[in-house]
Structures are given as C-alpha cells and as structure tokens.
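Visitor: This is what each chain is made of:
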Amino acid sequence: MEIEQLVDYLKNYSGPKVRLMEVCGSHTHAIAKHGIRNLLSPQIELLSGPGCPVCVTPTAYIDKLVELSLEDNTTVVTFGDLLRVPGSKESLNEAKGRGGSVEMVYSPMDVLGLAKANPEHSYVFAAVGFETTAPVYTLLLDNIIENNISNIKILTALKTMPGAISFLCDNGALIDGFIAPGHVSAVTGANYFNDLAAKYHIPFAVSGFGAKELVIAIYGLVKMIEEGQPAVKNFYTSVVENDKNKIIEKQLNKYFEPADVVWRGMGSIKSSGLLLKAEYSKYDAGSAGLNEDNKRNKACRCGEILMGKAKPADCPLFGKVCTPMSPEGACMVSEEGSCFNAFIC
Amino acid sequence: MEKILMEHGSGGRATNELIKEIFEAQFDNDVLSQMEDAAVVPGNETIAMTTDSFVVTPLEFPGGDIGRLSICGTVNDLCMRGAVPKYITCGFILEEGVEIETLKRIVKSMADTAKEAGVTIVAGDTKVIQGNGGMIINTSGVGFIPNGVDIKASNARDEDVIIVSGNLGDHHATILSQRMNITNSIKSDNAPLQEMVSKLIENEIPVHVLRDVTRGGLATVLKELAVASGLKFDILHENLPVDPQVESFCGLLGLDPLYMGNEGKLVAIVPKDYAVQAVEIIRGCKYGENADMIGTVIQPEDDSEIGALVMKTEIGGHRFLDILQGEGLPRIC
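Residue numbers (this note's numbering), protein chains in the order written: chain A, 1394 to 1738; chain B, 371 to 703.
Because the hints were derived from the structure by calculation, they are not lab data.
Quick caveat: nothing in here was measured; it's all calculated off a predicted structure.
Fair warning: there could be bad hints in the mix.
[What the hints assert, rightly or not] Here are the simulated BS3-like cross-link-like pairs (lysine-lysine), alpha carbons at most 30 Å apart as the crow flies: (1) A/Lys1605 - B/Lys682; (2) A/Lys1605 - A/Lys1404; (3) B/Lys682 - A/Lys1410; (4) B/Lys682 - A/Lys1713; (5) A/Lys1616 - A/Lys1482; (6) B/Lys682 - A/Lys1704; (7) A/Lys1489 - B/Lys497; (8) A/Lys1704 - B/Lys593; (9) A/Lys1509 - B/Lys593; (10) A/Lys1675 - A/Lys1639; (11) B/Lys682 - A/Lys1404; (12) A/Lys1616 - A/Lys1637; (13) A/Lys1404 - B/Lys497.
[Unchecked claim] Far from chain B by the CB rule (all over 12 Å, computed), these chain A residues: (14) Gln1436; (15) His1594; (16) Ile1618.
[Claimed, not checked] Label pairs and their in silico Cβ distance ranges: (17) B/Asp673 - A/Lys1670: 56 to 64 Å; (18) B/Glu617 - A/Gly1679: 26 to 34 Å; (19) B/Ser423 - A/Lys1713: 49 to 57 Å; (20) A/Ala1624 - B/Asp643: 52 to 60 Å; (21) B/Glu574 - A/Lys1404: 42 to 50 Å; (22) A/Lys1702 - B/Glu465: 53 to 61 Å; (23) B/Asn414 - A/Lys1713: 49 to 57 Å.
Beta carbons are placed, not taken as given, at the ideal position from N, Cα and C, and that holds for glycine.
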C-alpha cells in the first residue's frame, strides 16, 4: 500500500477506540514534529508514556546532584536536559545560580578531558538514560579504569523498559498497543518485547522516527488490534534486528546489575534499573537508595500522565503554573516530555 | 609581543602600540584618525540605531570569526528596519592571553566585512581584563532610513507572502560542530545583508516586514512576527531550505533546523503580488541564492488562531510552532 492509503485508512478509521502508547521520548517528539496526531481518526489516540529519561528521574536523584554540586572541590557534569528538572526544592540550574558547580557537556566522554585538566578536582557525571544511553557509560568506565583516573565518579539513574511496560499493564493503564522504542530496540533487538506481547496480549510495533515510518507502525498496530493477533512487528529493519546486540549486552553485564528503582510519579518498579556492581562501587557517587520522590507541587499529575491515565490538559497546573519556562514537573522540561509537547502543540 | 597582557589595557604606551599596530592599521579612515573622544559625522535624515555584543567561542570558525560576526550582526539589525547602515563603533573587551596574531586576523576580518557592508568604523575602545584568552566585542551602529520606507514587525498583512533568504541553521550547526569536535564541511553563513535589502527597496518592493534569523531560529522569529501582527502564519515544511548536511547533523543530535540560529539570513514579508519578484531579487544577491517562498500570512478565522504559527508537515499533518523554549541543546536519546 502507498503511504497515502495508510494515512487515509488511519484518518477514516471508525472501529472501536484504540489507545496506543509510545515509550520513547524521541517518538513523542517526532509525533509532534510531524503533526501525526491530526492525521488520525479521533478513534485512534496516541499517549506518551514514560519514555523520556529525564522525565522519570525521581526528585531524590536531582537533590543528590544538587548536594554534590555544592560540595567543595566537586563539579557535577551533565547533559543539558537535566539542568532544569525540578528536584524537591530546586533544580541544578538553581543550584548553579547560588554557587553550585555544574558543567554541561554533549557527551559523557567530555568529562575525561575535564578530569585530566584538573586532576585535583572531583567530577561526578549524571548518568541518566535507558538501554540506549547506558552502553556509553560503560565506555566511560572502560576509559576511567584503563587510564587509572581517580577523580571521576558517576551517579546513575539508568532504567530499562520491560519493567516499566509490565508495571503499566499491571496497574490499570488502558493501552491497546505499544509503539516500541526505536533506539532502545536497536540495542536490545525486537525480540526483547516478545514476552510482554505474549503475557499481556498486546501488540508492539518497532518504529523509526520519520513521518512515514511512524504512520506505518501505527497502521501495523491498528491492524494487529483489529485482527486480534497481537505480536511484535519490526518496522524499523534498517536499524533494528530481532536479536540483541551481544557486544553491548556483554559491556552492560560487565559493569551493571538489575535493581529495583523509583520512576518519578510511578513509584518503585522491580528490576527496572541498572546499578553499578559492588566491585565497581568506588566509581559510584551514591546512586543506590535514591528513592524519595517528592513533588514540588502536590497537584502535579506527571505520574498519571506518564502512565496514560491522564492527559497533560487534565492536570490543573498545565499551561498555567507549569510551563516550559517554569516547569513544576519533569514532563514539562524536556523536548521529549509529554507535557512539553502537549504545551508546544 | 605575542599575547595580550594586562598592560595593554593600561592606557599608556602598550595601549597606544596596540591601537596603532592593530586597530589603526586596519580601521584607518578620516574620522577615526582624528583620535578625538567622539566621532563627528554628517547626516540629517531619520536615523536607525542599534547595539549588539558578541561572545562566541571558538573565536574563529569555518566561514567566519567573531570580528565578521560583530559587523554583520549590527549591520543586519539596521537593515531590518530598512536603514542603509553607515557608521559603526566597536568596543573590545580582551582577556589577557589573547594571541596577537589571532587578534590581528579578527580585526582584519572586521575591516574587510565593514568594507563589504559599506560601513565606516568611526569610534572604538579597548579594555583588557583577567582571563584566559577570550574576547568580547560590542558594536553599535547608525544607519539612515530612506524616505517612505516603513518596515516593522507588526506590519504583516492578510495574504502577504513569507520569504526566507536561504538555508537554515548553518551558523548554529557550525559552532556546535566546533565545540563538539565533529568534523564536517558545514560553514557559518555569517554575512552582511545590506545588498539584498537595498535592492528590494531600490526596486520598489513594498516590504512590510524584515527580520534576521538569528538566535532561536526561524520558528522563533516567525512566531514573534505572527504575534506582533495579530495574524496567523502558515508555512510549508517542504519549502524550507536546509542544507542536507545540516539536516543530517540536526537529526543526529535531535536538533531542529527550525530552531537553529543563522547569522546571514533574513525573513521578508511582502504583498503577494510582489513575492515572485522579491525572491528573484534576493536570489540575485551574493548571499541569497537559496531564497524561497515558505508560507503566507492569513487573517485568523477565530481568536484561537491569532498569532499562531502553523507548519504543514510533509505527510500532511499540522504542527503548531512556538518560540524556542530552553537553550536549544542536543537531546540525550
């Protein structure tokens, strides 16, 4: 079928209501960028799940970074996205404003140059991300160990997808299909989602990030739902294989082990995170036990929004107290956040 | 001397040598050479004035440097009101440690760009501060507005056509590439735009609005103009000119060319009957070969569309665009 025919089909779809969730921040952003939502029938609803690594970081993690940034002789090194995420009291940007030492970089490897130039100074890299970003931190650790660098530690908030998807399905999120994360799948392989599809009788479509690729994936999901044959279909074969990337798996297993971790607004999810193994604890700046998750504003509904139980517009703060310039919840901070994208569009 | 030292800011002998050997050598003209406390220049027309400060790192980058940028930025701001730029002042704040050879190249680049833009540097100042070889340049400029020219942000009218003078995001992509040590052949587009503006005016195109596309990128500029006019701006994604290499660079880093800054591009909003001619004129200018019509101005159908900027995507969807939020940083996944 030509792409126009698929768009027509999705525009005129009149079957039972279909609720599809994307669990990748880059998909959330791409759907907004390509204006996909207004191509679809009102019967097809797209929900943004917990796919933005910044958005699911609990306040305790931000608070810990703030604390470290204010310590003598210590600099927190981070990606730009994290600077504005609210902690329980303040963001890293606010800490920086009152003397906290925070350095923004584009790649985790940039911290190596900083550490080498200032050997007496300590650096903590804020290692946030999913299966996609985690491998880069293993390269950083390789480099730290090989070169015997003693002034870099990492503070991890690494998360893995299957636990979160199970949690959504087990906790009453009304979802009929998942747009499986494209970048994560490139690392894990499409088969990563087979058990979930079988257990919850729910289809997964692995998708790329172009407009056409997203339309094809959404069409694939709607057809699987209509035909009552949930499965995992890989529509991103140019990048994603069915099997996992074994080199990356080996790297991850070398340094990290699964752990129960807290997702912002959702609570602790079993085996949904990665923490450094005990033998590498000297490189850890205190990542374990960062479980406190205190909303800055009690009315914030980020948790329900991440689970597809509420839409951004349902939150009383949305667009009023909470905007991209003064975010109350993490979903409003990142370009990948569901509230940010709802606000922008 | 190889590097700038604190004594170069003393006001004494070292300062004099610096001015003589570097600034006078490049900027020399009848007004500046009088070495008075203030420049006195002729002119009795309506004047446009502006000022801008430049803090870019690295100081030199493919396609330009902080000196060229500092002239283009001020010249272009004057042009956007339809003024003919005439006089520029420049203030240098040099950190100790600036390489003299670097400073010479930057000052020469300023002199060359000023010549290209038809402006005279009539006053200047230099200070030296502690630091690590960095440099800040401030330029201010004065231009004269021809009779009958009335170009301002709120002037867009129903059915006007929106034109952009060339590829989006080149400067921003260049600077990011340099900072991130990414090798590519992307070059900054920093350039003075007085040629295309004066040719539009000379050819009696009744230009309603001009804006240079700088920080915040095209989307930010158009959204501000839509709000200023109280109208709705519709643009077509497929018509936006973007260099394929910049497009790929943005894709890799999760950036959007719509929000990437330029330093040598403008948006012109003109009545529809003049749009084809205006594009031809811009394309005929040195920095306008990729100019294109990208959208139209529309009277909103209801209040919710007042000040809206809507882009039709290639697949037929619609995307409402807002001004840049945050800092335009690469995303992390």
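Visitor: Any hints this thing doesn't respect? Which numbers, in order?
Guide: 5, 9, 13, 18 and 19
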